[in-house]
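K.L.:
Spelled out, the chains give:
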Amino acid sequence: MNNIFKFSFGIFSTLAVAWFAFVVGARKQFGDLSPTSSVLNEDGSIPEDSDLYPIAFSGAAQQGAEEYLSLGCATCHTQQVRLVEAGFDVERGWGKRPSVARDYILQNEVNIGNTRVGPDLANIGLREYSDEWLHQHLFEPQSLIEKSICPPNPFLYDIKDSNVSGALQIISEDNTTRFVKPGIKANRIVAYLQELRQDYELPEMSFVEEEEPVTSELVTIPTTSTKLPSWLSDQISSGKEIYTKVGPGGGGCVSCHQPTGLGQPGVFPPLVDSDWVLGDKERIIKISMHGLMGEIEVSGVKYNGVMIPPGVPPGSLTDQQIADVLTYIRNDWGNSGSAISPEEVAIVRDSVKDRGQMQMWTAAELNSDK
Amino acid sequence: MKITDEQVIDKSAKWVVSFFVASAGLWLLAAALLAYIAAAKLTDPFFLSSFEFFTYGKVKIAQANAFVYGWGGNSIFAISIWIIARLSQAEVRGRVLLLVAGFIWNIGITLGLLGILDGHMNSHEMLEMPKEIWPLLFISYAIITCLIIVLHRSRKYSDTIAPQWFILAAILWFPALFLIAWNGLEINPSPGTVQSVLSMWFGQNLIWLWLTPFALGVAYYIIPSIIGKPIDKYYLAIFGFWCIASLAPWSVVHHLEGGPVPMWIPAIGTVMSIAMIFPIAVASTNFHATAFKDIDKVWNSLPLRFVIFGTLSYTISSYIGVIFSLPAVAKLTQFSIINEFHFNQRVYGFFSMIVFGAVYYMLPKITGKEITIAAKTFHFWTSALGVMMLLLAYLIGGLTHGVLAQQPDLDWANSVIASIQPYFLITEISFIILGFSQLVFVINIWKVLVPNPFEDTGRSKKFASKASTV
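Chains as they are written, first to last, in my numbering: chain Z, 3 to 372; chain W, 18 to 487.
You may find that some hints are simply not true.
[Said to hold, decoys possible] Ranges between beta-carbon positions, derived for each pair:
{"no.": "1", "chain 1": "Z", "residue 1": "D45", "chain 2": "W", "residue 2": "A292", "range": "41 to 49 angstroms"}
{"no.": "2", "chain 1": "Z", "residue 1": "R357", "chain 2": "W", "residue 2": "N431", "range": "54 to 62 angstroms"}
{"no.": "3", "chain 1": "W", "residue 1": "K386", "chain 2": "Z", "residue 2": "S10", "range": "35 to 43 angstroms"}
{"no.": "4", "chain 1": "W", "residue 1": "P439", "chain 2": "Z", "residue 2": "G268", "range": "33 to 41 angstroms"}
{"no.": "5", "chain 1": "W", "residue 1": "D135", "chain 2": "Z", "residue 2": "N110", "range": "16 to 24 angstroms"}
{"no.": "6", "chain 1": "Z", "residue 1": "G185", "chain 2": "W", "residue 2": "N431", "range": "50 to 58 angstroms"}
{"no.": "7", "chain 1": "W", "residue 1": "D135", "chain 2": "Z", "residue 2": "V269", "range": "49 to 57 angstroms"}
{"no.": "8", "chain 1": "Z", "residue 1": "D356", "chain 2": "W", "residue 2": "E108", "range": "34 to 42 angstroms"}
{"no.": "9", "chain 1": "W", "residue 1": "A292", "chain 2": "Z", "residue 2": "V269", "range": "25 to 33 angstroms"}
{"no.": "10", "chain 1": "W", "residue 1": "P206", "chain 2": "Z", "residue 2": "P49", "range": "30 to 38 angstroms"}
{"no.": "11", "chain 1": "W", "residue 1": "F68", "chain 2": "Z", "residue 2": "E134", "range": "38 to 46 angstroms"}
{"no.": "12", "chain 1": "Z", "residue 1": "N306", "chain 2": "W", "residue 2": "P152", "range": "26 to 34 angstroms"}
Honestly, the hints are just simulated from the structure, not real lab data.
The structure presented is a predicted model; accordingly, all values stated were derived computationally and were not measured.
Each residue gets a CB set at the ideal place from its N, CA and C atoms; glycine is no exception.
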């Protein structure tokens, strides 16, 4: 502590570790995302002649994004639809599906924001407002929504006494009529707002079906379940819940391995048809307790990622939860494997009870243990 | 009268410290004015609405920057220079260079804020001042940092103590954070939302690794100095220090739950935020066990009263912060105005209160002039009241906002926002009270720093006699 150089070295290294994890980690995971088609071929390639998403902004919208930024709209408006588990953004009609990182890769200024005094604007272009409505709202929101605290921007418009071409007629609360002609900045902002739309599906995120919320999808498993004993279908449906739930009590597997169980090409290995999932039970029980890192080969493809111990806080899944989620992944998406019981998990847990909570397994270690 | 070593040191610091304290005071007033304008705009959106210069977003962001870099930066320089000089028992050197660098820093911020208001805002949290300004700020900061390190290295005793660790770490962390963020945002811009992760990481760390450790260091210095007893359980301080150093950089990104960023980021953030209980407990044991041995002194010495208000609010609000990072609660309050609660409790309730105390403790020693007790007391009570009102309004308003926003059937403008309108009004009133209180503070310190032309009897008599002869 007494030598300033050693001291600096100490305090910088603690910072560097966190930086490395967050920034370098995030960049590695998302850094090379590129536009892609809504559906991929079996082998993960993009089908020929398909449209690629997201689409870049037009020139005017790009400039509008800069105006939006410089007026400080992002202090009150977010542009991100959260996952269904994290909030009611989709129910509120703020988007057809949660936003994902790929939606933003072509934007120079990412205005995802962190405070919602106003509604989320990630999909304002989908709400079918006319240009006139958006102009009037930009000019004076209170002329449309009486109690709005969205700030008026009269300085973006030329206010005229009489109707000139290209002007909008605005009738305020107190029945005064004004004619306003949008300036160039106002036109750019409206162009930008109209292009804010996440109206395409991506391989990692499809639209949320309104008629069929997630729970009713459970009914689709039971094609086989008519024959299943009730304890098994209970275990499978509880497992599905753990698989999809992000947060305490859930495993959050869905965020990496995806609802389809197909993972993400090159980053997260698939669970569908994986000989890890369908093979030796001990290995996947261990993975579910402590996580996995290092090189692993799944269905002939090599991955090298990190799966932190699942659960919130990490590594907190109980024997019952692990048994349920593993039984589930062994029996959905066309997989078919035997169930795993909590007792089996308890035995494995006991055999590795000296292992550190955050000490992740490697594939080599798991294979050699046998 | 014999001149002690300490007086020599204080004298060597006089001009530099006075300059920084005086500038800090002016920035505080600028920030108070901007805070009021922003708050007023939320209660009446037509307030100043015809000026492009003063849109809500610009004013709000200019306020945060004026507060953190103007008031925060200048007071960090002033107090660190003095405390490090005192603890090193060495005279401040490179004074002209310090003044020049300080001048550049303040010019830089002025230009930066004008840039924001003029529509050249940058999109990254706490880096909103235009890009061109940052090299200027960075260089001036680097000069000041180097001179503080030189001062520290010229110390008489090689052993260092808690205030030195915390203050030096704070001073050194800022440029490191800045370079990391600048590299990832401007030099090799990260794609898409990775930018957002990085800029949030920077913005939060600025508070956790710059303002916070500095204020803790000052508390570690001032509490034992005034109480006249060593810190209770001092051996814990080093543990607390390394806990902050290793946990804080991780615990800051839990506002991203459910967003378009890698899932594991908010998950790790949550776990680490909960672990922050340890350093908070250490700091509060150290401070409060020491201070409450002599409760009379806490009450009677105004500098100490300010500092203890700050450390108490640090403890309480940090625990509240831990609760709000639990996923079940975070989900509710994620995008609500509770964010304002977190920001204001750190910068007003904790950082500023400690700085007020430190300035009141330091100025009389440096200038040899006392500040009237009534003025300080008025400042204390108005600040305390204003801060509490502000924080309560944001806390309760934030919870209401969060809970209502989670009900998809409620109309946004007419139900959700309408029900938090009353809280916006309370914050507006609080900012008026705080504005007054800060005006008193600035008058208090300027009276001490700038000689009053009418008070100096010797010279004014001469002047009067001259005038009469004419």
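K.L.:
Hint by hint, note whether the structure agrees.
P.N.:
Results for each hint:
Between Z:D45 and W:A292 the Cβ separation comes to about 43 angstroms, which falls inside the hinted range of 41 to 49 angstroms. The hint said 54 to 62 angstroms for the Cβ distance between Z:R357 and W:N431, and at roughly 56 angstroms that hint holds. Our hint of 35 to 43 angstroms for W:K386 and Z:S10 holds, since their Cβ atoms are close to 38 angstroms apart. Against the hinted window of 33 to 41 angstroms, the Cβ-Cβ separation of W:P439 and Z:G268 comes to about 52 angstroms, which falls outside the hint.
For the hinted restraint 16 to 24 angstroms between W:D135 and Z:N110, the CB-CB distance of approximately 20 angstroms keeps it satisfied. Judged by the Cβ atoms, the range 50 to 58 angstroms given for Z:G185 and W:N431 is violated: they are separated by roughly 30 angstroms. Between W:D135 and Z:V269 the beta carbon distance is about 43 angstroms. The supplied range of 49 to 57 angstroms is therefore violated. Taking 34 to 42 angstroms as the suggested C-beta distance range, the pair Z:D356 and W:E108 does not conform, at roughly 58 angstroms.
Between W:A292 and Z:V269 the C-beta distance comes to about 28 angstroms, which sits within the given range of 25 to 33 angstroms. A hinted range of 30 to 38 angstroms holds for the C-beta pair W:P206 and Z:P49, which are about 31 angstroms apart. Separated by about 25 angstroms at the C-beta atoms, W:F68 and Z:E134 break the suggested range of 38 to 46 angstroms. About 39 angstroms separates the C-beta atoms of Z:N306 and W:P152, a value inconsistent with the hinted range of 26 to 34 angstroms.
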